[in-house]
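Novice: First residue of the sequence shown? That's 1 in the working numbering, and the numbers climb one at a time after it.
What the hints contain is simulated information worked out from the structure, not anything from laboratory work. Model, not experiment: these values are computed from the prediction. Worth double-checking, as some hints may not be accurate.
[What the hints assert, rightly or not] Derived BS3-like pairs: lysine-lysine, alpha-carbon spacing no greater than 25 angstroms straight-line:
{"id": "1", "residue 1": "Lys66", "residue 2": "Lys42"}
{"id": "2", "residue 1": "Lys42", "residue 2": "Lys73"}
{"id": "3", "residue 1": "Lys106", "residue 2": "Lys66"}
{"id": "4", "residue 1": "Lys98", "residue 2": "Lys73"}
{"id": "5", "residue 1": "Lys78", "residue 2": "Lys98"}
{"id": "6", "residue 1": "Lys106", "residue 2": "Lys42"}
{"id": "7", "residue 1": "Lys98", "residue 2": "Lys66"}
{"id": "8", "residue 1": "Lys66", "residue 2": "Lys78"}
{"id": "9", "residue 1": "Lys42", "residue 2": "Lys98"}
{"id": "10", "residue 1": "Lys42", "residue 2": "Lys78"}
{"id": "11", "residue 1": "Lys145", "residue 2": "Lys73"}
[What the hints assert, rightly or not] Computed Cβ-Cβ distance ranges for the label pairs, DEER-style:
{"id": "12", "residue 1": "Val30", "residue 2": "Ser134", "range": "28 to 34 angstroms"}
{"id": "13", "residue 1": "Val144", "residue 2": "Lys66", "range": "20 to 26 angstroms"}
{"id": "14", "residue 1": "Ala14", "residue 2": "Asp136", "range": "32 to 38 angstroms"}
{"id": "15", "residue 1": "Gly74", "residue 2": "Lys42", "range": "17 to 23 angstroms"}
{"id": "16", "residue 1": "Lys42", "residue 2": "Gln123", "range": "38 to 44 angstroms"}
{"id": "17", "residue 1": "Asp136", "residue 2": "Lys103", "range": "17 to 23 angstroms"}
{"id": "18", "residue 1": "Asp132", "residue 2": "Lys106", "range": "17 to 23 angstroms"}
{"id": "19", "residue 1": "Cys124", "residue 2": "Leu101", "range": "15 to 21 angstroms"}
Beta carbons: idealized from backbone N, C-alpha and C, even for Gly.
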Amino acid sequence: MLRTLKLLEKERVAVIQGTLTIQSEAAEVVRARDWISALACKAGISQQEALELQLVLSEACTNAIKHAYGMRKGYPIKLSATIGDDRIRLVIRDFGRKMDLQKYQKPDLGDPPDSGYGIYLMQCLMDEVHFDVSYDEGTELTLVKRRHKSINAPIHPDSDR
1 MLRTLKLLEK ERVAVIQGTL TIQSEAAEVV RARDWISALA CKAGISQQEA LELQLVLSEA
61 CTNAIKHAYG MRKGYPIKLS ATIGDDRIRL VIRDFGRKMD LQKYQKPDLG DPPDSGYGIY
121 LMQCLMDEVH FDVSYDEGTE LTLVKRRHKS INAPIHPDSD R
């Protein structure tokens, strides 16, 4: 029985993918959250992971609206997600002002500011955070989280379950 479960685990290669383009306004961030939540549910990931994805995606979209587009409405933010057995990958692409990587400072948690936690939260919740500013305009943010398989529970070969 243990051998059969190992084979099934190796054969599982389900990948859920999706894309969405939102506009640079606060109401659209809710749509992005709903979109990633639906993909997460379809992929069968844990509620905790789904909430973390919603949070980091909200922060990324809000940063694009605020910093790339200067709170101007009606500009595109392209989202893509790939949820596989071993990792989750989100890509957030804006076409506004590029992120100035030299200006980013980690927030002082001893004297917390009112805002400025977005990138810090992404770094805490995701395994990889990468900003690509090589495009003529805009920034592409890639977020990766390695998944923890729940199949790793001990299995007793003499059990009928």
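Novice: Now tell me, hint by hint, if it's right for this structure.
Specialist: Okay, the hints, checked on the actual structure:
1. Lys66 - Lys42: Roughly 31 angstroms separates the two Cα atoms, so the pair is violated.
2. Lys42 - Lys73: Violated, because 31 angstroms separates the two Cα atoms, which is more than 25 angstroms.
3. Lys106 - Lys66: Holds - the C-alpha atoms of Lys66 and Lys106 are around 18 angstroms apart, at most 25 angstroms.
4. Lys98 - Lys73: Measuring from Cα to Cα gives roughly 17 angstroms; hence the hint holds.
5. Lys78 - Lys98: Roughly 15 angstroms between the alpha carbons, so the hint for Lys78 and Lys98 holds.
6. Lys106 - Lys42: Violated, at about 34 angstroms.
7. Lys98 - Lys66: Given pair Lys98, Lys66 holds - Cα atoms ~12 angstroms apart, limit 25 angstroms.
8. Lys66 - Lys78: Roughly 15 angstroms between the alpha carbons, so the hint for Lys66 and Lys78 holds.
9. Lys42 - Lys98: violated (33 angstroms)
10. Lys42 - Lys78: holds (21 angstroms)
11. Lys145 - Lys73: violated (30 angstroms)
12. Val30 - Ser134: 28 to 34 angstroms: Holds - the Cβ-Cβ distance for Val30 and Ser134, about 31 angstroms, lies within 28 to 34 angstroms.
13. Val144 - Lys66: 20 to 26 angstroms: holds (23 angstroms)
14. Ala14 - Asp136: 32 to 38 angstroms: holds (36 angstroms)
15. Gly74 - Lys42: 17 to 23 angstroms: violated (30 angstroms)
16. Lys42 - Gln123: 38 to 44 angstroms: Violated, since Lys42 and Gln123 (Cβ atoms, about 27 angstroms apart) do not stay within the stated range.
17. Asp136 - Lys103: 17 to 23 angstroms: holds (20 angstroms)
18. Asp132 - Lys106: 17 to 23 angstroms: Given range 17 to 23 angstroms: holds, Cβ gap about 20 angstroms.
19. Cys124 - Leu101: 15 to 21 angstroms: Distance hint for Cys124, Leu101 holds at roughly 18 angstroms.
Going through the hint list in order, the structure does not satisfy hints 1, 2, 6, 9, 11, 15 and 16.
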